[in-house]
Structure formats: C-alpha cells, structure tokens
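J.: So the chains spell out like this:
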Amino acid sequence: MAYHRGMHEHNPTPPDPFVRDGAALLACVGHGPGAARVVAAAARLAALAGSPWHAVLVETARTRALGEAARLAALEQLRQAQALGALTSVLDGDEPAAVIAGYARRHACATVVLARRACLPLPWHAPVTRRLARLAPQLDIVEVAAPAAHGRTTGASADAAAMPEPQDGAQPQPRRYLAALAASLGTALVALPLLPLLDVANVAMLFLLCVVLVAIRLGRGPAIAATLAGFAALVLAVPRRAYDVSEFKYAVALAVMLAVGWITARLTADLREQAEAAIGREARTRALYEFARALSVALQLEQVFEITRRFVERSFGARALILLPGSDGRLAWPEGERLTVMDMAAAQWAFEHLEAAGAGTATLPNNGHVYLPLRAPMRTRGVLAIRVAADADRRALLVPEQRELLDAFAALAAIALERVHYVDVAQEAVVSMEGERLRNSLLAALSHDLRTPLTGLVGLSESLTLSKPPLAEAQMELASALRDEARRMVTLVANLLDMARIQSGGVKLNLQWQFVEEAVGAALRVCRWQLGARTAATRMARALPLVRFDAALLERVLCNLLENAAKYTPPDARIEVDAEVDTRDGMLLLRVCDDGPGLPTGREDALFEKFVRGRQESPIAGVGLGLAICRAIVEAHGGRMRAFNRPQGGACFELGLPLGEPPALPSMDDEADAAAQDHVSHTQEQ
Amino acid sequence: MNTDIAPVALIVEDEPQIRRFVRMALEGEGWQVHQSETLKRGLIDAGTRTPDLIILDLGLPDGDGITLIRDVRSWSPVPIIVLSARIDEGDKIAALDAGADDYLTKPFGIGELLARVRAALRRQHKAIGEASSKVVFGKVEVDLQKRQVLRAGQPVHLTPTEYKLLSVLLANMGRVVTAPQLLREVWGPSNGDNGHYVRIYMGHLRQKLEDDPAQPRHLLTETAVGYRLQP
Chain A
1 MAYHRGMHEH NPTPPDPFVR DGAALLACVG HGPGAARVVA AAARLAALAG
51 SPWHAVLVET ARTRALGEAA RLAALEQLRQ AQALGALTSV LDGDEPAAVI
101 AGYARRHACA TVVLARRACL PLPWHAPVTR RLARLAPQLD IVEVAAPAAH
151 GRTTGASADA AAMPEPQDGA QPQPRRYLAA LAASLGTALV ALPLLPLLDV
201 ANVAMLFLLC VVLVAIRLGR GPAIAATLAG FAALVLAVPR RAYDVSEFKY
251 AVALAVMLAV GWITARLTAD LREQAEAAIG REARTRALYE FARALSVALQ
301 LEQVFEITRR FVERSFGARA LILLPGSDGR LAWPEGERLT VMDMAAAQWA
351 FEHLEAAGAG TATLPNNGHV YLPLRAPMRT RGVLAIRVAA DADRRALLVP
401 EQRELLDAFA ALAAIALERV HYVDVAQEAV VSMEGERLRN SLLAALSHDL
451 RTPLTGLVGL SESLTLSKPP LAEAQMELAS ALRDEARRMV TLVANLLDMA
501 RIQSGGVKLN LQWQFVEEAV GAALRVCRWQ LGARTAATRM ARALPLVRFD
551 AALLERVLCN LLENAAKYTP PDARIEVDAE VDTRDGMLLL RVCDDGPGLP
601 TGREDALFEK FVRGRQESPI AGVGLGLAIC RAIVEAHGGR MRAFNRPQGG
651 ACFELGLPLG EPPALPSMDD EADAAAQDHV SHTQEQ
Chain B
1001 MNTDIAPVAL IVEDEPQIRR FVRMALEGEG WQVHQSETLK RGLIDAGTRT
1051 PDLIILDLGL PDGDGITLIR DVRSWSPVPI IVLSARIDEG DKIAALDAGA
1101 DDYLTKPFGI GELLARVRAA LRRQHKAIGE ASSKVVFGKV EVDLQKRQVL
1151 RAGQPVHLTP TEYKLLSVLL ANMGRVVTAP QLLREVWGPS NGDNGHYVRI
1201 YMGHLRQKLE DDPAQPRHLL TETAVGYRLQ P
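Protein chains in written order, with our numbering: chain A, 1 to 686; chain B, 1001 to 1231.
Just chain B, same shape as in the assembly (with noise of 0.2 Å):
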C-alpha cells in the first residue's frame, strides 16, 4: 500500500443507502471510494482497482459473496470487511474461514466501522513491517520473546494452553478468530467437535487478565462466531 496517495476502498453492497454512508465515512478518513452494486462487478472492479481494504455485502442479489472472497484471497491479502444481518451466523463463520478479515453485524454504527477499517490496515502494516516483541493491551503487557505476561505490573501464571491461546488472539489483536480456527491452531485439527475447550480456556485468560471477567473489555466473545481481543 502507498501511504503518500489515497488510499483505495471497495464497497460491494446492493443497497445504495448503505454504500452511502459506509462512503461518507471513509472518504471522511481519506479513502478513496469505489462502489459495485453486484457480485460480478464487484469481482471485475476488485481486479481492475486494486484496492487497499474491501467491503463486502454477503446478501447480493446476484451471487454469493463467499466466491469474492475465495477469489480474490486466490491472488491478494487485501483485507474484506463483511457485512452480514444478524440470524446469519454460519454465513459469518464460512465467510471468515473462506479468508475475510472480519465481519460487521447490520445496523453497523461507524465508529464501529471505521474501528474495524482500522484494526485491519493495522495488522497489515504489521505484517510488513515485522511485529514487535511486546504488545500492550490496558493493563496486560505480554513480552513475546520472554513468553512473559504482566498485569499492571505484576507477573501473571499462564499455563502452555492459555498462553497459547492468547498468542492466537494476538496474532490477530483486533480481529475477530472464529471459535473453530482457535480449536485449531491452540489443539490440533482433530479437536472439531470439543468447541467447549475453547470457552473454557477462554474463561480461564479472562479471570487471569480481566478485572471483570464478566463484563470484558478486551477479551470479547463474538456471539455464536467466535473471540476477539480489542485493544
């Protein structure tokens, strides 16, 4: 991505009140904004425009918006934002999997938007510029190299699973990791049907660094999709 030019947004959303404000509200960040009203327009204009993030409608009139996805993940990382209603929580997971970065639940407000916009652009830049060996989030410190994690201050006990586990969700700080990819990368590919080892170790890292395990602020459980860890 050059950073000295605009950068380029793609909206592929059939709704042109929705393109509307999703357009106001990057071109208020300095986004340059294209818009596809269809699923193969979109797929032409993702080629042709190359752009730097894509926000994509999953109900388009003419096709499923997972084949985008698998398409253009065929050929480039851009990040995909998805936007999806409610009731549909296996699409957000098969969207997720299929390689979207993350997933907004309509209404969207847009500061959650431009929120998740902006955690995406941040791990890609990461990725370029090679992480760091310390992340912060509040009051937990983790030293990557160390494998050492501070509350305010104060050495926490990790057991391998929860630390590894927390590595995960900071691979991917700010974005959402659906509850099988954790089964996965934390246990091994054989432990499809144990979804409930993830939300027990999650419960687990949330006593260890939450103040209020039940009302988090950074370890947030995605309802029927998975965990993300905000910042």
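Bound conformation, chain A alone (with noise of 0.2 Å):
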C-alpha cells in the first residue's frame, strides 16, 4: 500500500494518523480486480479511526464499455462495502476525478482510497490519483495495489482492447452490426458512382455523416463497424490510377476520415449513454415523486396497498404485496395471495432483522421474491414483498440503482402506513372520547331515571305507615315490608350504577385526609336499617392515623359489608367493626366481621368476582355484586380486601387503604390551646 498525500510521498506509517477524526473517508470502488482490496482496506482504515465512510462507484461511457459482467462484480463490491458499514452509491461522470472530488466536497470526506491503475506513458493518460491531487488539493489519497495475480489492470490499454458492446439497445448484438454494414453499404451505393464528379475527402464527408448517424442510433461498436466499412469501401472504390499522381493526397484523406469516424463514433456513443442514463434517472425520480404524491392523499390501509402495488408494477414490471403484522408481533398471512412457509418465514426474518431478505440479497437469495422491511420512524409497519418472476427480474432488482428506487418506495410506503395508523389512533381517541361522554350522560339519566320513581316509592310507603287514622298490624307491616324492599332496591341501584361508573373509569376519587372512625359512624348510622336487632359493636385501635379517601365511596364499601353480614347471619347476630395498623404492609386495616356461619371455605377470593355469590342456590335476594364493589372501590383506592372465616366462628371481611404522609397537624392552634387549657380548667373550677 502506498500513501500519498497531496502530491508527496510518504513512507508506510501507521494509518491513523493520516486520517483525520470525525472527518469521513471515501472509498472508489473501481471495475478491475483491486475493488475488493479496496473496500477491506478502507474498512479497516475507517474502523481504526472510528470514522464514517463512503464506498462509491464511479461509472463513466468507459466503465460502461466493460460489459455487465464487470459491472455485477463493481456493485458486488459496492456491497460488501455496504455490508460493512459504508453509505454507497453508484455516480455518473465523465471525469471520475471531478466525481470523486465533487462527492468528497459534498460528504465532508479528507481521505480517499482508490486502487492503483497501470497508464500508458501518454501524457492525456495522468491517472486518477493525479488528477484527483490537481483538483483537490487538500483530500488524503490512498492508493491501494491490485493483486499481483491480475497483473493487467484495467487501465486505458484494457479499455482499448476491450471490444466495446453496449449491452442497453433495443436490438440484439449482431442485428445492430448488420444494420451498421447495411448503412455503410447504402451510403456506398450512393457515393460511390459521385467519385468521378467530387473529391474523394467529399466523398469521406458522406461516409462520416452516415458514421454518426449509426453512432447515435446504434452505439459505438456498429459505428466503429460502419467506419471501417466504410473506409474499405472507398479504398477498394478509389481507381487505381489515382494512387501514381497523388497518393500522397488520397492516404491522408483516408486516414482522417479513419480517425474522424473513430472519434465521432465514441464522442456521440458516449453522449447517447449519458443521455439514455439521464432519462433513467429523470424516470426513477418522477417515479419516486409521483408515488409519494399519490401515497399523500391515502387515508386507509388499502389504498396504502393499492398505490404500493400499482407503482411497483409500473416502474419493475413486479407483482408487490404488503404483508402486516398481527398483534402478535407475527406478520399475518395475506389473503388469496400464494405465498409457502419458507415465504413466510423470510419475510418474518426480513421483519425482525430489519434487514431485506429473498431474492438477490444475502439471506435466502433463491427465494421467489425479495422482501424489503417498511421502516417507519416509529416502528417497522411490515414487509414489501416483490415477485421475482425469473432471472432477468432477478438481475434488474439487482441494479443499485434499482434497488434504491425500491428502498426509497419501502420508505415512502412504511411512513404512508404509519400516517394511516396514527390516523385510526387519533379517530379511536375521538371515538372512546365521546362514548365516554355518552356513558356518562346515559349513567347520570340512568341514576336520575331510577332513583326518581324509588323516591316517590320509599316515600309513599313510608306515608303508609303513617297515615291516619293507623293502619291495623297486618297492613302496616306491609307497609313497612314495601318500604324496606324499596330501600334495598335503592341500595341496589346505587350498586349497579357505582359498578358501572367504576367499570367505564368514570370516577374521580375526592380523596381527603380523613379518620376511618369518621366513616364507620356515618355508615352505622346510614345503614343501620338494614341491621335489624343485630348489634353492631365498635372497635377502634387507640390514635389511628389520617388516611385518605373518598368517604362517600368508603361509605359505601362499609355499607355493602354492612349488608352483607345482616344478610348472612342470623336476627340476633352480633357484627363487629374493627379498625387497627398493620405497620408491616403499611397499612390501616378495616375488619367487619360478624358470628354467623361464616363462609364457604375455598372460595373466598371468589367472593369478590361480579356475580358470584357464597352459595349459589341460595334465598337470599342479591346479585353478589355488593363484595365486587368494595374490592373494586378498595383498590382504587391502592388497598387490597381480602375475607376470611374467624377461627372462633363467623366471617370476616377485611380491607386495607395505604398508610401515607398525613398532613401537618394545625400545631399553633395546639400551643395555643395548651396555654389556654389552665385557663379553661381555672374558670370550669369556679
């Protein structure tokens, strides 16, 4: 390996000083043998200085001239360069050193690594190396040797003994050759029999009007063919008496129509290849444009799939799908497409991997399509999967060129899917908005529908029970009966609407910092009633803490267990309310329990489920949705409930609500007070 830098030679020193931090490095991959050395060596020379770097190839009329063969093997390279971490692509020019140069500007790139070419000593053949040092100074070359087993490199002597044969015509190889010959034997025909009236360099002038034509129509080789044809036609045509007076003259006249007629044939070859590659890449852009002004406008999933599909048979002539995946992370197999497990299976790899997969990629290349992952800013959104059909296909999606256009398609249809679902989130939202607001319209008229009538039934039975002159004994216990069923049935209104609104999340606890004695009481004392001649005792640990909660939903909870116990137990049970610390889980524990029969054993977590009741055929009225709506309420509240049966007999319900940081206690109230408390007692004592 060889360093230059700028024009002055250096001794071999370790690399890393020669490339600069953070500034990139641009490998030029070349069409002969040392394209591969090229690549590994600006690999490691990038690694070495932790820098990002380009790979491009360069590719002139010349390079052209070189077959595809020789082209597939350059864009081999150019992928194993990607492979390696390069950003690549493939350049137009004619100069290759004005390209490389222009591509180093742009990129930021100080270094550059091409591989060695060997030049004729002529003076209009300076090599690359020397004319990228003319026309930017300040860029690092790196000249890499090609391997010594391909001693010849493709230099100007390989150019010019390659035969050249454009492989992008429409015609097949020798048609177009015959074609030339027809036209070079045509324009013989005509000027020919004018050799006696004109001069023969006039007569020359007409054969290279027909070179030129041949040479814009059919490509360099069939005009070099019409050249020489043309040129034998006229040195056989000349009369052999001419070549004693002035053969001088006529040998120089048809040498410069030889030479003319070779220059012409190249200059309008390589101009009609710059053209045609112009065109293709006018196409690949307008392609690439109106497939994202069509994508723009695509609000559903299928028209995503639709447009998708319809591009790609335009500019690939290929079949396309667009394979989703499930919920479960697995891509979905498409309907009424034929696709075989192993297509599955490589397009699921293509999915994870973010890599493409199939056909002309590294990973399952025999399969009969490529698959491309769609990579969203967000998330990969699927696969783009095209047919391959046959070994053509094959070898156009090859094509860097081609392959971009594909990459930048899967790009532009990966954020046309996301559009779309972020699209479907944001009417979801809207929707689940306004069936929340429905909800809880229908919820408040529901609760207002149902308690209305209740009302005026509570109320007129109670009207009953008192009306004058008395009611005798059995009405008026059914009076009372009416008024007591009333009550429950507002209990178990209250109920189902609370489940509903919990169930739908459409409660806002009003938690306050609050003493569960507090509660206790006011749910004693609002749901005695339902306790009959039970007794019902009160227990409360010495100097409970603060707790927050909601006391309205509290209350409920106490009054459900309330309930609960009255309907479980015998007349004359004895229900209990006890409230005590657990300073281990930090919490306050609240325990009703009662000395009933206590509940059935294993089953007591299930208790707590909506509609599951102790025993299933059981008299007692209710829907078992009391329990479900205190444990709902408690953990709400980031409690926990359990029930369980006491060892001495008889059930026990037991909630805990999560010991926090009361707030501070007013304590310039409590100075004040404390100072005033002998003055209280002072007056009391009087």
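Keep in mind the hints are simulated off the structure, nothing from the lab. Heads up, the beta-carbon is just placed ideally off N, CA and C, and yes, glycines get one too. Any given hint might turn out to be false.
Reference listing, derived: stretches of chain A covered by chain B, where coverage requires no fewer than 3 residues with Cβ under 8 Å from a Cβ of chain B [what the hints assert, rightly or not]: (1) 450 to 460; (2) 513 to 523; (3) 551 to 558.
Hints in hand, dock the two standalone chains.
T.: Next comes the structure, spelled out in structure tokens:
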C-alpha cells in the first residue's frame, strides 16, 4: 500500500495520523480486480479512525463499455462495502476525478482510497490519483495496489482491448452490426458513383455522416464497424490510377476519415449513453415523486396497498404485496395470495432483522420474492414483498439504482402506513372520548330516572305507615315491608350504577385526609336499618392515623359489608367493626366481622368476583355485586381486600387502606390551646 | 311567621309522586302546602305566596335550583331544604353555601324530612326569640355565658379551638354545617386547604362528649358534606 499526501510521497506509517478524526473516508470502488482490496482497506482505516465512510462506484462511458459482468462484479463489491458499514452510491460522470472530488467535498470526506491503475506513458493518460490531487489538493489519497495475480489492470490499455459492446440497446448485437454495415453499404451505393465528379475528401464526408447517424442510433460498436466498412469501400473504390499521381493526398484523406470516424463514433456513443442514463435517472425520480404524491392522499390501508402495488408494477414490472404484522408481532398471511411457509419465514426474518431478505440478497437468495422491511420512524410497519419471476427480474432488482428506488419506495410506503396508523389512533381517541361522554351522560340519566321512582316508592310506602287513622297491624307490616324493599332496591341500583361508573373508569376519587372512624360512624348510621335487631359494635385502635380516602365511596363499601353481614347471619347476630394499623404492610386495616355461619371454605376470593355468591342456590336476595364493588373501590384507593373465617366462627371481611404521610397538624393552635387550657380549667373550677 | 293560622310551605319539585308524599307528610303536621313543578313557577310562587318553608329539588328540568336559593336569600331568611341525589355532594355543598338551610338525600324517609323541617323552624324561632344561655343535647350541657361544658354533670375540659368549633355547631343545632364553613368560622378564611383540621378537632370533641365516638349520637358526620349537631 502506498500513501499519497497531496502530491508528496510518504513512507508507510501507521494509518491513524492520516485519517483525520471525525472526517469521513471515501472508498472508490473501481471495476478492476483491486476493488475488493480497496473496500477492505477502507473498512479497516475507517474502523481504526472510528470515522464514517462512504463507498462509491463511478460509472463513465468507459466503464459502461466493460460490459454487464464487470459491472455486476463492481456492484457486488459495493454491496460488500455496505455490509461493512459504508454509505454507498453509484455516481455518473465523464471525468472520474472530478466526480470523486465533488462527492468528497459534498460529504466532507478528507481521505480517498482507490486502486492503483497501470497507465500508458502518455500525457493525456494521467492516473486518476494525479488528476484528483490537482482538483482537490486538500484530500489525502491512499492508493491500494492491485493483486499480483491479476497483473493487468483495466487501465486505458484494457479499455482499448475490450471490444465495446453496449448492452442497453433495444436490438440484439449481430443485428445492430448488420444494420451498421447495411448503412455503410447504402452510403457506398450513393457515394461511390459520385467519385468521378467529386473529390475523395468530399465522398469521405458522406461516409462520416453515415458513421455519426449510426453512432446515434446504434451505439459505439456498430459505428466503428461502419467506419471500417466505409474506409474499406473507399479504399477499394478509389481508381487505381489515382494512386500513382497523388497517392499521398488520398492516403491522408482516408486516414483522416478513419480517425475522425473512430472519434466521432466514440463521442456520439458516449453522449447517447449519458443521455440514456439521464433519462433513466429522471424516470426514477419521477416515479418516486409520483409515488410520494399518490401516497400523500391515502387515508386507508387499502389505498396504501393499492398505490404501492400499482407503482411497483409500473416501475419494476413486478407484483408487490404488503404484509402486515398481527397483534402477536407475527406477519399475517395475506388473503388470496399463494405464499409458502418458507416465503412467510423469509418475510418474518426481514421484519425482525430490519434487513432485506429473499432474491438478490444475502439471506435466502433463492426465494421467489424480495422482502423489504417497511421501517417507519416509530416502528417497523410490515414487509414489502416483490415477486421476482425470472432471472432477468432478479438482475434488474440487483442493479443498485433499482434497489435504491425500491428502498425509497419501501420507506415511503412505511411512512404512509405509519400515517394511516396514527390517523386510526386519532379517530379511535375521538370515538373513545365520545363514548365516555355518552356513557357518563347515560349513567347520569339512568341514575336520575331510577332514583326518582324509588324515592317516590320509599316516601309513599312510609306515608302509608304513618297514615291516619293508623293501619291495622297486618297492613302496617305490609307497608313497612314495602318500604324496606324499596330501600333495598335503592342500594341495589346505587351499587349497579357505581359498578358501571367504576368499570368505565369514570370515577374521580375525592381523596381527603380523614379518620376511618368517621366513615364507620356515618355508615353505621346510614345503613343501621339493614341490620335489624343485630347488634353492631365498634373497636377502634387508639390514635388511628389520618388516611386518604373518598368518604362517600368508603361509606358505600362499609354499607355493602354491613348489608352483606346482615344478609347471611341470623337476626340475633353480633356484628363487629374494628380498625387497626398494620405497620408491616403500611396499611390501615378495617374489618367487618360477624358470628354467623361463616364463608364457604376455599371460595373466599371468588366472592369478590362479579355475580358470584357464596351459595349458588340461595334463598337470600342479591346478585353478588356488592362485594365486587367493595373490591373495585378499595383497589381504586390502592388498597386490598380479603375475606376469611374467624377461628372462633363467623365471616370476616378485611380491607386495607395504604397509610401515607398525613399533612401537618394545626400545631400553632395546639400551643395556644395548651396555654389556654389552664385558663379554661380555672374558670370551670369556679 | 304567624302561628295562629296554618304555616305555608312551598314544594318546588318536578316529580309528582315525590311532591305527593312530601305534601301528605307536611299536611299531616298542619302545613298549608303549595306546589311548583318548575323553577320558573317556583320563583314566582316564592314571591307571591310568602312561604314559611321552601322544599326545593336541585335537579329541576328547567334550571339550577341554586339560582332560586340565591334569589330568595336576597330578600328573605325563609328556611330552604334542598332535595338532592346521593352522588352530587358538590351540589349539596354549593346549595348550602348559597344559603340553603339543610338537605335531604334521595331517597329519604318521612321521619327524616319532618325532623329537618322542625329543626329549621326551631332555629328560626330561636333567632327571633333570642337564644337561651344554656343548651342541652344528650348528656351534655353547655352554658354559653360561662363557657362551661358539663357531661353527665361532670365538667369537661375543652381547648379554645374545640369550644369554638362546638359553639359554631351549637349555633346551627340540628342543621348541617359544611366543612368549609366550619374551617372559615373557626380557623379563619385562609385555611381552605386544611380540611383535616376540622376532622381532627371533631374527633377530639367526640372523644370528650360522646359515649361511643365511633357511633356518635349527636356529633354526626354528613359524609363528604359536613357535620351536624343532632339534639
């Protein structure tokens, strides 16, 4: 390896001082055998310097003339570079040094790595390195030797030796040469009879015209063939006698014609190829632009599918298919498509590894499809599968310009899919907000509509018990029963509505620091009537701390537990409510216990499920909603709930409310109170 | 209020069955009852009938009952008892703050209703006939002039804050007092966020004055609304 710094030679030294930190490195992958070594060297240098690197393939008229095989080999090297972490591109241009210098400037590359070329010792055959140094003196140039086994490089000599054979014409090779020869023959038929009238130079001009036309229409090779044919025809047709007099004059005219024809053929053919390349680029850009524009209005998945299918068909002549992942992260089998298990596995691989798979890639290259992951900014949206029917298709998809276009298509489709996804998300959010609003107003209306007749029922039945003259005893009992049932109904409705509110997430807890003692007292007062003749005792541990809870909801919990205890115990049962602090769990425990028959063992937790009751066929009314609501409320407070049988008999329901950091007590008042305490007791003693 | 002729009550309630049993209950107690189905009608009747008591449903179809409370309060101290659904604690506090005297949660019993009515009227009588210096509830006797509290004949030591809290409740005997109102009157207007002060001192009062502080008979909690001193 030889290092050039600008125009100066240096001895081989460790590479890191030469590769400037932070600046990128540019590897020029040529069409010659040195390409592999260029890629390897550039990758190593970039890794040593920790800098990003680019790999470019410069295609000129000359390299295009090398044929398809050389081109594919070069592209393979480019792909290698990509696999090693390079940003790759294929550049078009006439003058490789100018193209490389321009690219290096645009991408802030400070170092260029390229293969050494053998050059003819002619002034216009200066190696690329020297021209590059002249164009961009600030660049460091690293020249990599070609492998010894392939001594000959593809310099100018190789160029001259290779018979130019453009591949991209519409007509097959032999026919194009025949057409060129026919054109020359036609010219000869027209021009040669004119020889006696015109000068040889003038007739040669006609042949040159023919060569130019052939070059434009049929390319370089046929043009050169036409030149040779014209030259031969002219040599044969020039009268013998003319040689003796002015042999030298004719010789000059014919030689000039040959040279001009040759140069014209090459120039014209180069122009034509560049024009074709430009047209190809323009077509790709336009396809991309039109694809993007078509996708920009798509609002539904089906539209994205359809547009992608249409544009891939148009640009690549291949069938495209978008595979989307299901909720489990696996790609779903598309409907009405014949894909094998292997196809789906390849697609899944591409989806998971975020790399292309299938035909023309390193993974499963024999598959009938190319699979491109659809990577969007947020996540991978799916896989674009493109059917590759024939080998020709496979090659067409391998060409980097086409691959780049395909990648761009995939990126656009991915972004469109993501946009459609977020459109859906936004719509769902709106729908869910609407739903919540509807649900809340429905619950409010329902609650009002149910409560109003029940209020009437409770009040009217009570009026009956108070009516004057007083009812007979039997009627009085009926009226009382009516009133109590109506009140039970009220509780039931309240439970149902609360459950609906809690389940729909529409409950906002009105959390306040307060004493459970107050909630117990309020619940016992409000729900006392449900207990009938049962006694209710409270046992509160001393100095219970303040805890945060929603008083109305906790009252509902306690009322439900009291009602539950009343329902499943004999009328003379004793119900106990006690509270204490469990410092180990950081909970304040509140228990409602009874001395009744207890819970069915083994089903304690199931009791808290909705619509579950201790005994399936029970004569006691209720749907088993009460305990479910208790648990929902307690859990909304961050607490927990459990049920167990007491060792001395009877059921116990325990709820825990998390202890927190209660707010500060009114300390200033306490001091004032303490100071005033003496005064108060003093006055009381008087 | 003229005690010679039957006192006049006005029921503003859109639901006929509820109107009916409230009317029956009040008529049983010797009231003359007028009924309005809408807020608009209620506002007119409140002006023309000059009732001695208004029973008002907060959930009227044609407007917010609180507007009626404000309107009536601007010219009359007539007792107003509000009927409201259980879940609307905020509405209850708003109605009480706007000047309502008391509230009943639907569904309510007739006993409850009549107790509220009596309490409201008693308070009004007292306001006219000047309060006596001694108040008794249960075993507790409070001498307002001597600032002395006896329970079952034994003197009870109350701190100044406790005594102040008790005196506010005494002044509103039988009537619910919202927690914000207690905070304002006992601790001053800048203590709006210290709702737990009231609960702590209420706990102290219960410890000192109730037989079973967990099942109070007089110092009652009106869940999420406030407190009531029940005679």
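J.: Now, for every hint given, state plainly whether the structure supports it.
T.: Hints, verified against the model:
Given as covered by chain B, the segment 450 to 460 of chain A passes the check, having 10 residues with a CB less than 8 Å from a CB of that chain where 3 are the minimum. Counting residues of the segment 513 to 523 of chain A whose CB lies closer than 8 Å to any CB of chain B gives 9, so the stated coverage by that chain holds, three being the minimum. Under a criterion of three residues with beta carbons nearer than 8 Å to beta carbons of chain B, the stated coverage of the segment 551 to 558 of chain A is upheld, 3 such residues being counted.
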